[in-house]
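Enquirer: One letter stands for each residue in the lines below.
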Amino acid sequence: MTFSKEVKCIVWDLDNTIWDGVLTEPGDVQLKPGLIEVIKELDRRGILHSIASKNNYEDAWKQLKAFGIGEYFLYPEIHWDTKSGSISKIRENLNIGMDTIVFIDDQPFERDEVSSVHTEVETFDAVDFQSFIENPRFMPRFITEDSGRRRLMYQEELVRKKDEEVYKGPQEGFLSTLNMEFAISEAKEEDLQRAVELTERTNQLNATGRTYSYEELQSYMTSDDHKLYICELTDKYGSYGKIGLALVEITEGHWHLKMMLMSCRVLSRSVGTVLMTYIMNQAKSEGKKLRADFKQTDRNKMMYVTYRFSNFSELENDGQGNIVFENDLTQIQPFPHYIKVELPEDITDNSTLMVK
Amino acid sequence: MNQKEQVRQFIESNLIVFEDEADLKDDDNIFQLGYVNSLFAMKLLNYIESEFNVKIETDEMDIKNFSSINNIIALLDRKLGVTE
Numbered sequence: 046m047t048f049s050k051e052v053k054c055i056v057w058d059l060d061n062t063i064w065d066g067v068l069t070e071p072g073d074v075q076l077k078p079g080l081i082e083v084i085k086e087l088d089r090r091g092i093l094h095s096i097a098s099k100n101n102y103e104d105a106w107k108q109l110k111a112f113g114i115g116e117y118f119l120y121p122e123i124h125w126d127t128k129s130g131s132i133s134k135i136r137e138n139l140n141i142g143m144d145t146i147v148f149i150d151d152q153p154f155e156r157d158e159v160s161s162v163h164t165e166v167e168t169f170d171a172v173d174f175q176s177f178i179e180n181p182r183f184m185p186r187f188i189t190e191d192s193g194r195r196r197l198m199y200q201e202e203l204v205r206k207k208d209e210e211v212y213k214g215p216q217e218g219f220l221s222t223l224n225m226e227f228a229i230s231e232a233k234e235e236d237l238q239r240a241v242e243l244t245e246r247t248n249q250l251n252a253t254g255r256t257y258s259y260e261e262l263q264s265y266m267t268s269d270d271h272k273l274y275i276c277e278l279t280d281k282y283g284s285y286g287k288i289g290l291a292l293v294e295i296t297e298g299h300w301h302l303k304m305m306l307m308s309c310r311v312l313s314r315s316v317g318t319v320l321m322t323y324i325m326n327q328a329k330s331e332g333k334k335l336r337a338d339f340k341q342t343d344r345n346k347m348m349y350v351t352y353r354f355s356n357f358s359e360l361e362n363d364g365q366g367n368i369v370f371e372n373d374l375t376q377i378q379p380f381p382h383y384i385k386v387e388l389p390e391d392i393t394d395n396s397t398l399m400v401k
Numbered sequence: 707m708n709q710k711e712q713v714r715q716f717i718e719s720n721l722i723v724f725e726d727e728a729d730l731k732d733d734d735n736i737f738q739l740g741y742v743n744s745l746f747a748m749k750l751l752n753y754i755e756s757e758f759n760v761k762i763e764t765d766e767m768d769i770k771n772f773s774s775i776n777n778i779i780a781l782l783d784r785k786l787g788v789t790e
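Protein chains in written order, with my numbering: chain Y, 46 to 401; chain S, 707 to 790.
If you are wondering where the hints come from, they were derived from the structure by calculation, not from laboratory data. We put the CB at the ideal spot given by N, CA and C, even for glycine.
Computed spacing ranges between beta-carbons, pair by pair:
1. Y:V67 / S:N759: 46 to 56 Å
2. S:S756 / Y:N138: 15 to 25 Å
3. S:E755 / Y:R182: 33 to 43 Å
4. Y:H382 / S:K749: 12 to 22 Å
5. S:E755 / Y:Y199: 30 to 40 Å
6. S:S756 / Y:S268: 37 to 47 Å
Below 27 Å or equal to it, Euclidean Cα-Cα: the simulated BS3-like pairs (lysine-lysine) are:
7. S:K785 / Y:K346
8. Y:K207 / S:K749
9. S:K770 / Y:K333
10. S:K770 / Y:K334
11. Y:K206 / S:K749
12. Y:K346 / S:K770
13. Y:K206 / Y:K107
14. S:K749 / Y:K346
15. Y:K85 / Y:K134
16. S:K749 / Y:K385
Please build the complete structure, drawing on both the sequences and the hints.
Expert: Written out as structure tokens, the structure reads:
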């Protein structure tokens with residue numbers, strides 16, 4: 046099997062992989078020379094780290110913290126069940142594709158067991174970790190400010206989830222306590238790298254599945270016949286970064302939504318349709334209908350349902366999953382009251398104030 | 707519990723409403739009463755498909771079929787072959 050997808054997460058074994066020695070045997074374990082530098086560099090690139098280890102959880106976690114590297118690992122699976130099962134849970138918690146995960150372990154048995162269940166997961170021997178630095182799969186095309194914050198954003202999400210579990214009231218009440226702010230703005234030059242990254246990495250909440258180059262997005266950004274919107278979400282725990290993107294072509298009779306996507310990280314925050322509501326309102330205010338390109342896949346059913354429940358109907362369907370939706374804009378839901386929405390017009394007003 | 711009450715109970719416990727409503731009537735438009743976001747839409751579809759053992763086709767995923775309890779029940783009746 047050929048492995049080519051950019052890596053989003055490395056799942057590490059512990060004994061004789063992260064450290065030399067076996068934790069349950071007499072004698073101290075020693076962190077492998079050069080390993081912490083590799084972990085930190087990949088973290089800076091936005092690649093996440095997790096653990097699949099057959100060990101006692103408390104002892105292993107204590108040792109990781111003693112080495113000062115515990116903070117780099119998300120959703121560690123440290124128990125005596127299969128490593129393929131551990132990787133399934135890690136994938137589920139991170140909500141990423143299985144083909145963006147790699148696994149490193151000193152034991153051929155463990156590597157083969159994982160490969161037999163998850164053929165999409167590339168495996169590495171423990172001695173190979175130094176090769177990650179130069180491996181093209183571990184080099185995201187763009188490294189942005191958000192890349193370096195990716196692990197922190199997942200960690201902030203964990204705090205949110207714990208708070209949510211404690212909260213016993215209805216979902217709406219909890220959402221109101223988050224002080225969510227959703228900012229929609231027209232993309233600027235400094236947004237383009239993140240925009241490209243979003244088109245490449247977002248699958249499930251992506252209406253068309255298309256990817257765009259920096260130059261393509263730059264030309265749309267400056268075009269008088271197009272709008273390129275980018276969105277940021279923050280709440281009381283911090284910023285999620287730039288998590289939404291939409292490209293609209295404006296013609297005489299309608300707005301045409303050529304691309305829209307939303308990062309899966311904000312799936313539970315109920316902000317997915319705020320951007321759609323804004324675009325619908327803008328098209329309506331110009332007296333136009335709204336059309337939208339859509340590529341039906343097995344991964345974006347939620348997006349399809351979201352469009353249909355926003356009163357889009359199929360204008361064209363080629364029978365191979367390529368759809369053009371149309372919306373007459375007679376039914377547009379309001380912004381939810383538990384989200385403070387900042388619009389491009391607000392930013393324009395602020396700019397005007399600054400000029401004065 | 708009949709289908710209508712099952713559907714009502716599901717919506718009342720999952721829909722984020724714009725205002726605190728006392729009751730959800732059979733013909734109330736849920737798209738005007740509450741905020742139908744992606745998660746709610748998927749939950750509603752999954753609930754209807756699993757609870758009543760039906761498969762909602764893509765051409766049935768129309769806002770009209772899901773905008774009220776009565777419309778959801780009418781869709782179920784058509785799919786389950788119920789005749790009046």
